[in-house]
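These are the residues of each chain, in order.
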Amino acid sequence: MKKLFILILLLTNAAFAGDAKPLADDPVIEARLKAMSSELRCLVCQNTTLADSTAPLAEDLRKEIRVQMRAGKSDQEVVDYLVARYGDFVRYRPPVNNETALLWFGPFLLLLIGGFVLFRVLKKHAGSDDIQGEDA
Amino acid sequence: MKRTAKFLIPLALFLIAVGFLFKGLFLDPHEVPSPLVGKPAPAFTAPLLSDSGNSFNTADMKGKVWLLNVWASWCVACREEHPVLVAIAKTGIVDTYGLDYKDTDLEAQAVIDENGNPYKQIATDIDGKIGIDYGVYGVPETYVIDKKGIIRYKQIGPITEEAFFSKILPLVKELQK
Numbered sequence: 001m002k003k004l005f006i007l008i009l010l011l012t013n014a015a016f017a018g019d020a021k022p023l024a025d026d027p028v029i030e031a032r033l034k035a036m037s038s039e040l041r042c043l044v045c046q047n048t049t050l051a052d053s054t055a056p057l058a059e060d061l062r063k064e065i066r067v068q069m070r071a072g073k074s075d076q077e078v079v080d081y082l083v084a085r086y087g088d089f090v091r092y093r094p095p096v097n098n099e100t101a102l103l104w105f106g107p108f109l110l111l112l113i114g115g116f117v118l119f120r121v122l123k124k125h126a127g128s129d130d131i132q133g134e135d136a
Numbered sequence: 137m138k139r140t141a142k143f144l145i146p147l148a149l150f151l152i153a154v155g156f157l158f159k160g161l162f163l164d165p166h167e168v169p170s171p172l173v174g175k176p177a178p179a180f181t182a183p184l185l186s187d188s189g190n191s192f193n194t195a196d197m198k199g200k201v202w203l204l205n206v207w208a209s210w211c212v213a214c215r216e217e218h219p220v221l222v223a224i225a226k227t228g229i230v231d232t233y234g235l236d237y238k239d240t241d242l243e244a245q246a247v248i249d250e251n252g253n254p255y256k257q258i259a260t261d262i263d264g265k266i267g268i269d270y271g272v273y274g275v276p277e278t279y280v281i282d283k284k285g286i287i288r289y290k291q292i293g294p295i296t297e298e299a300f301f302s303k304i305l306p307l308v309k310e311l312q313k
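For the record, the sequence lines run as chains A and B.
For what it's worth, the working numbering labels the leading residue of the first sequence as 1, then goes sequentially.
For what it's worth, the working numbering labels the leading residue of the second sequence as 137, then goes sequentially.
Keep in mind that the hints were calculated from the coordinates and are not lab data.
A hint or two may mislead.
What the hints assert, rightly or not - Cross-link-like lysine-lysine pairs, in silico, DSS-like; alpha carbons within 30 Å at most:
(1) 309/B / 283/B
(2) 73/A / 265/B
(3) 283/B / 256/B
(4) 63/A / 290/B
(5) 200/B / 142/B
(6) 159/B / 284/B
(7) 309/B / 200/B
(8) 198/B / 284/B
(9) 73/A / 313/B
(10) 284/B / 303/B
(11) 63/A / 175/B
(12) 256/B / 124/A
(13) 265/B / 200/B
(14) 200/B / 313/B
(15) 200/B / 123/A
(16) 290/B / 256/B
(17) 34/A / 265/B
(18) 159/B / 200/B
(19) 313/B / 303/B
(20) 313/B / 198/B
(21) 175/B / 290/B
(22) 313/B / 63/A
(23) 313/B / 284/B
(24) 159/B / 303/B
Please model the complete structure; the sequences and the hints are all you need to start from.
Rendered as structure tokens:
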């Protein structure tokens, strides 16, 4: 009975070893994939990176990225490939272009407006006595 | 008077912010605009469902306005959409071609046999490669493709009756002219 049990264990293990063959043995490609996919959004579960997502689409995309990297494509080419299909939304760092200009420069614009208002208010008060009076 | 006006500025800014946030409540973050709209539909040739000896080819579609509906037997929202597709097929206004995404012929055929076939032809995409080329990230998705093979519209999620009459139908009629 024990022997049979061990035999079954061995057999199933062997089967698993056959199944779980790594998709890519190349550590360089794995490292590149890991770095790149942490910067990409999984479109199925949008708050997850492509690196962490277990969605079937994310698996497919990681597979496709590996294939392209092995074919000698640069990181930029692979990202461009994905952006062409899924849009800038896949990137966690949106590129600077017309559509995202407000996103990138809006805060600075607000800072400028705020600074201007502050400057005006301070200047106005500088001439009057209230602030000087308080300071003194 | 001037004093009151100044006092109202923060309130006005606040109301504008509320306006944007309120609009945000009705936006679906899952509807990511496709960069493919306005671009040529990616060409593909794929075996037909339950008829792998023959294939569907996008090149054959030149000169006609058509819908490419990406679906799967495992997709629940597709079942919801199915009767709408059947109704569209019955009108005869526009042909719908199916792309059976990451599915098996057996299961997909069972759905068609049970609920009717709204498709002119059904191409199969077993490994999801065509889906990637079309930027599919959740089925069902439907593309309106014009006579020159340009994608004109992408419906993310099921085509509802409302979406068909308000968006797809007017667009198809316009493109068919």
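The hints, checked one at a time:
1. Restraint check for residue 309/B and residue 283/B: satisfied, since their Cα atoms lie roughly 12 Å apart, inside the 30 Å limit.
2. Restraint check for residue 73/A and residue 265/B: the C-alpha separation of about 18 Å stays at or below 30 Å, so the hint holds.
3. Between the alpha carbons of residue 283/B and residue 256/B the distance comes to roughly 17 Å, so the proposed pair stays at or under 30 Å and holds.
4. Distance check on the hinted pair: residue 63/A and residue 290/B sit about 26 Å apart at the alpha-carbon level, within 30 Å; holds.
5. For a cut-off of 30 Å, the pair hint linking residue 200/B to residue 142/B is broken: about 60 Å separates their Cα positions.
6. Among the hinted pairs, residue 159/B with residue 284/B is inconsistent with the structure: their alpha-carbon atoms are about 36 Å apart, more than 30 Å.
7. Using a Cα cut-off of 30 Å, the hinted pair residue 309/B and residue 200/B holds, with the two alpha carbons roughly 12 Å apart.
8. Proposed proximity of residue 198/B and residue 284/B is supported: the alpha carbons are some 6 Å apart, at most 30 Å.
9. Of the supplied pair hints, the one linking residue 73/A and residue 313/B is violated, its CA atoms being roughly 43 Å apart against a limit of 30 Å.
10. For the hint pairing residue 284/B with residue 303/B, the CA-to-CA distance comes to about 20 Å; that is within 30 Å, so the pair holds.
11. With a CA separation close to 25 Å, the supplied pair residue 63/A and residue 175/B stays within the 30 Å bound.
12. Taking the CA atoms of residue 256/B and residue 124/A, the gap is near 75 Å; set against the 30 Å cutoff, the hint is violated.
13. Using a Cα cut-off of 30 Å, the hinted pair residue 265/B and residue 200/B holds, with the two alpha carbons roughly 25 Å apart.
14. Taken as a hint, the residue 200/B and residue 313/B pair is honoured in the structure, with Cα atoms around 11 Å apart against an allowance of 30 Å.
15. A threshold of 30 Å between alpha carbons decides the hint, and for residue 200/B with residue 123/A the separation of about 68 Å lies outside it, so the pair is violated.
16. A distance of roughly 19 Å separates the Cα atoms of residue 290/B and residue 256/B; the hinted pair therefore holds under the 30 Å criterion.
17. Using a Cα cut-off of 30 Å, the hinted pair residue 34/A and residue 265/B holds, with the two alpha carbons roughly 21 Å apart.
18. At most 30 Å may separate the alpha-carbon atoms for a hinted pair to count; residue 159/B and residue 200/B exceed this at roughly 37 Å.
19. Taken as a hint, the residue 313/B and residue 303/B pair is honoured in the structure, with Cα atoms around 16 Å apart against an allowance of 30 Å.
20. The hinted pair formed by residue 313/B and residue 198/B meets the criterion: a straight-line CA distance of about 15 Å does not exceed 30 Å.
21. For the hint pairing residue 175/B with residue 290/B, the CA-to-CA distance comes to about 12 Å; that is within 30 Å, so the pair holds.
22. Between residue 313/B and residue 63/A, the direct Cα distance comes to roughly 42 Å. Violation of the 30 Å bound is thereby established for this hinted pair.
23. Only pairs whose Cα atoms come within 30 Å are accepted, and residue 313/B paired with residue 284/B is accepted, the gap being roughly 13 Å.
24. At roughly 20 Å between alpha-carbon atoms, residue 159/B and residue 303/B fall within 30 Å of each other, so this suggested pair holds.
In summary, the numbered hints that this structure violates are 5, 6, 9, 12, 15, 18 and 22.
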